[in-house]
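Using the sequences and the accompanying hints, generate a full structural model.
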Amino acid sequence: MKQILNIFAFILIGFFFFLSCKKDEVETYETYQPTPVNIDYPSNFPDMVIPDDNQPTEEAIALGRALYYDKILSKNQDKSCASCHDQTKAFTTFESNSLAHINLAWNYQYLWNGGVQGSLEDVMMFEVEDFFETNIQVVNNNATYKTLFKQAYGVTEITAKEIAYALAQFFRTLNSTDAKFDRFMRGEVNLTPEEWDGYDIFFTERGDCFHCHGTVLFHDNIFGNNGLDLDPDAGLYAITGDMNDFGKFKTPTLRNIELTAPYMHDGRFETLEEVIQFYSLGVVHESPNLSPLMKYSAYGGIQLSQQETNHLIAFLKTLTDQSFVTNPALSNPN
Numbered sequence: 293m294k295q296i297l298n299i300f301a302f303i304l305i306g307f308f309f310f311l312s313c314k315k316d317e318v319e320t321y322e323t324y325q326p327t328p329v330n331i332d333y334p335s336n337f338p339d340m341v342i343p344d345d346n347q348p349t350e351e352a353i354a355l356g357r358a359l360y361y362d363k364i365l366s367k368n369q370d371k372s373c374a375s376c377h378d379q380t381k382a383f384t385t386f387e388s389n390s391l392a393h394i395n396l397a398w399n400y401q402y403l404w405n406g407g408v409q410g411s412l413e414d415v416m417m418f419e420v421e422d423f424f425e426t427n428i429q430v431v432n433n434n435a436t437y438k439t440l441f442k443q444a445y446g447v448t449e450i451t452a453k454e455i456a457y458a459l460a461q462f463f464r465t466l467n468s469t470d471a472k473f474d475r476f477m478r479g480e481v482n483l484t485p486e487e488w489d490g491y492d493i494f495f496t497e498r499g500d501c502f503h504c505h506g507t508v509l510f511h512d513n514i515f516g517n518n519g520l521d522l523d524p525d526a527g528l529y530a531i532t533g534d535m536n537d538f539g540k541f542k543t544p545t546l547r548n549i550e551l552t553a554p555y556m557h558d559g560r561f562e563t564l565e566e567v568i569q570f571y572s573l574g575v576v577h578e579s580p581n582l583s584p585l586m587k588y589s590a591y592g593g594i595q596l597s598q599q600e601t602n603h604l605i606a607f608l609k610t611l612t613d614q615s616f617v618t619n620p621a622l623s624n625p626n
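In the numbering used here, the protein residues as written are 293 to 626.
Hints in this document: simulated from the structure, not taken from any laboratory.
Treat the hints with caution; some may be incorrect.
[Stated by the list, open to error] Simulated DEER-style distance windows between Cβ atoms: (1) Y400 to P334: 37 to 45 Å; (2) E480 to N434: 42 to 50 Å; (3) F476 to E497: 20 to 28 Å; (4) Q614 to C376: 18 to 26 Å; (5) Q369 to T451: 29 to 37 Å; (6) G407 to E350: 26 to 34 Å; (7) E350 to K587: 30 to 38 Å.
In this text, a Cβ means the ideal position worked out from N, Cα and C, and glycines have one as well.
If you want it as structure tokens, here you go:
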């Protein structure tokens with residue numbers, strides 16, 4: 293009888309030990325406490341819209357940064373976001389002609405042809421599921437990421453959603469707001485006479501740039517045909533099927549434009565001077581669905597002189613933000 297009681301006691305102790313272990317596991321899962329952070333940006337920028345279910349935290353931003361630079365994202369683990377988006381080139385590359393990853397937190401339409409619309413979470417889900425075709429099981433098998441995802445989102449099983457959400461958090465920190473132009477607007481520096489004239493060309497009918505690039509973001513977040521070709525590429529039409537969208541492409545930001553060659557959706561221009569020469573003399577007036585903002589298309593463009601071209605380029609270079617392309621908080625953490 294005593295032996296039976298001892299066995300029962302041993303079983304009972306083991307049962308309570310098992311329950312205590314399970315309780316600790318549940319408490320660890322339910323009481324994770326990521327560290328909230330505020331994303332700073334200038335007061336003259338639009339409000340940054342952030343979903344309630346993905347508020348910024350130190351842990352999620354750090355996780356998104358690690359993923360951005362990790363080839364584990366791709367199906368064959370042979371490329372990462374950074375493969376086509378080099379920080380030193382304002383998060384693009386000459387070879388890929390990808391749109392730069394600059395201030396995307398204020399976008400709601402993405403890719404040259406508008407292939408993805410919505411929030412950063414939406415476009416990152418596209419990247420994970422369709423572009424990279426991420427093997428979720430490979431990420432789940434990585435012990436480091438298992439820990440990082442648990443710290444950031446409190447999950448023990450990683451899904452495409454958590455990967456997309458973490459990437460979105462890092463993307464909301466890729467903000468270029470401290471170019472010479474920004475410091476000029478804050479009254480901290482002056483423009484040179486050449487930059488001043490370029491400023492005037494840019495923001496008046498002399499250059500006619502401001503209609504599409506006149507906001508603090510230096511883009512209008514819409515699509516248009518700028519008259520590159522008589523027979524343009526499909527552009528937005530490939531997404532909408534509306535012939536009125538044929539030949540229309542997304543207006544890119546001009547922030548850090550000095551660093552983001554080549555230019556246009558097909559990368560046909562390698563220098564800013566080539567771009568301005570096109571807008572001066574090369575606009576195709578007969579291009580279908582030509583934007584009505586191309587007011588001087590009947591004359592081939594705005595017809596700037598060489599001096600005006602030089603001054604406009606001088607102004608465009610004031611949009612280069614060296615702190616953005618050298619910020620260690622945005623660089624490869626490995």
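> Against the structure shown, which of the earlier numbered hints fail to hold, in ascending order?
Replying inline: Hints 1, 5 and 7 not satisfied by this model.
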